[in-house]
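Trainee: Turn these sequences into a full structure, and let the hints guide you.
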Amino acid sequence: MRDSKRYYLRMLRVELDDLKDDIDLLIDEYTRLHDSDQMSNYVFLENLTVIRKELLGVDSFCRILDATDTEKFLTLDDLIGHLTDSFRSMVRERGLPEVIEDYVERKLLKVRDYVLREQDRLVT
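Residue numbering for the sequence shown follows this note's numbering, starting at 1 and increasing by one per position.
Just so you know, the hints here were simulated from the structure itself, not pulled from any lab data.
We treat Cβ as the ideally placed atom computed from N, Cα and C, and that holds for glycine.
Hints are supplied without guarantee of correctness; some may be wrong.
Distance ranges between label pairs, derived from CB positions [claimed, not checked]:
| # | residue 1 | residue 2 | range |
| --- | --- | --- | --- |
| 1 | Thr68 | Asp18 | 16 to 24 Å |
| 2 | Gln119 | Leu25 | 29 to 37 Å |
| 3 | Asp18 | Val43 | 21 to 29 Å |
In silico DMTMM-like pairs for lysine to aspartate or glutamate, Cα to Cα no more than 25 Å straight-line [stated by the list, open to error]:
| # | residue 1 | residue 2 |
| --- | --- | --- |
| 4 | Lys110 | Asp17 |
| 5 | Lys20 | Asp102 |
| 6 | Lys20 | Asp120 |
| 7 | Lys72 | Asp59 |
| 8 | Lys72 | Glu105 |
| 9 | Lys110 | Asp77 |
Mentor: What follows is the structure, encoded as structure tokens:
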């Protein structure tokens with residue numbers, strides 16, 4: 001694979017879009033439960049606030065991706081380290097729910113494993 005770092009960013013974007021879709025589905029589910037009186041107004045609004053902050057975190061991370069120049073990094077792991085550190089700093093600076101770090105970091109590792117498998121497959 002000629003440029004695994006750019007490929008990594010493209011695949012990560014797909015995974016983050018999938019994560020945003022999952023969060024949107026959760027909002028829909030909470031709305032359904034609220035509208036059918038299975039969730040109180042208080043719980044609904046609290047959950048919605050947290051979920052929207054998580055969505056904001058994913059959107060903000062996408063902006064970090066857009067601003068990242070892959071040429072500045074020697075290895076894929078260097079790039080991933082930069083993305084992880086940048087995202088963690090952004091979460092803390094903005095007071096976003098820390099759980100979003102777990103979601104995004106799982107995606108970072110999932111895509112890393114995929115890209116490395118693809119590299120190995122193309123070499124052999």
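Trainee: Would you mind confirming whether the straight-line C-alpha gap from lysine 72 to glutamate 105 stays at or under 25 Å?
Mentor: Holds, at roughly 21 Å.
Trainee: Are threonine 68 and aspartate 18 spaced within 16 to 24 Å by their CB atoms?
Mentor: About 20 Å separates the Cβ atoms of threonine 68 and aspartate 18, which means 16 to 24 Å holds.
Trainee: Does lysine 110 pair with aspartate 17 here, judged by a C-alpha cut-off of 25 Å?
Mentor: holds (14 Å)
Trainee: Need the status of pair lysine 20, aspartate 120: alpha-carbon distance at most 25 Å?
Mentor: violated (30 Å)
Trainee: Are the Cα atoms of lysine 110 and aspartate 77 separated by 25 Å or less?
Mentor: holds (13 Å)
Trainee: Starting from lysine 20, check that the Cα of aspartate 102 is at most 25 Å away, please.
Mentor: holds (14 Å)
Trainee: Return holds or violated for the Cβ distance of aspartate 18 and valine 43 against the range 21 to 29 Å.
Mentor: holds (26 Å)
Trainee: For the pair we were handed, lysine 72 and aspartate 59, check the Cα-Cα distance against 25 Å.
Mentor: Holds. Lysine 72 to aspartate 59 sits at ~23 Å (cutoff 25 Å).
Trainee: Would you say the C-beta atoms of glutamine 119 and leucine 25 sit inside 29 to 37 Å of each other?
Mentor: holds (32 Å)
Hint compliance for this structure: hint 6 alone is broken.
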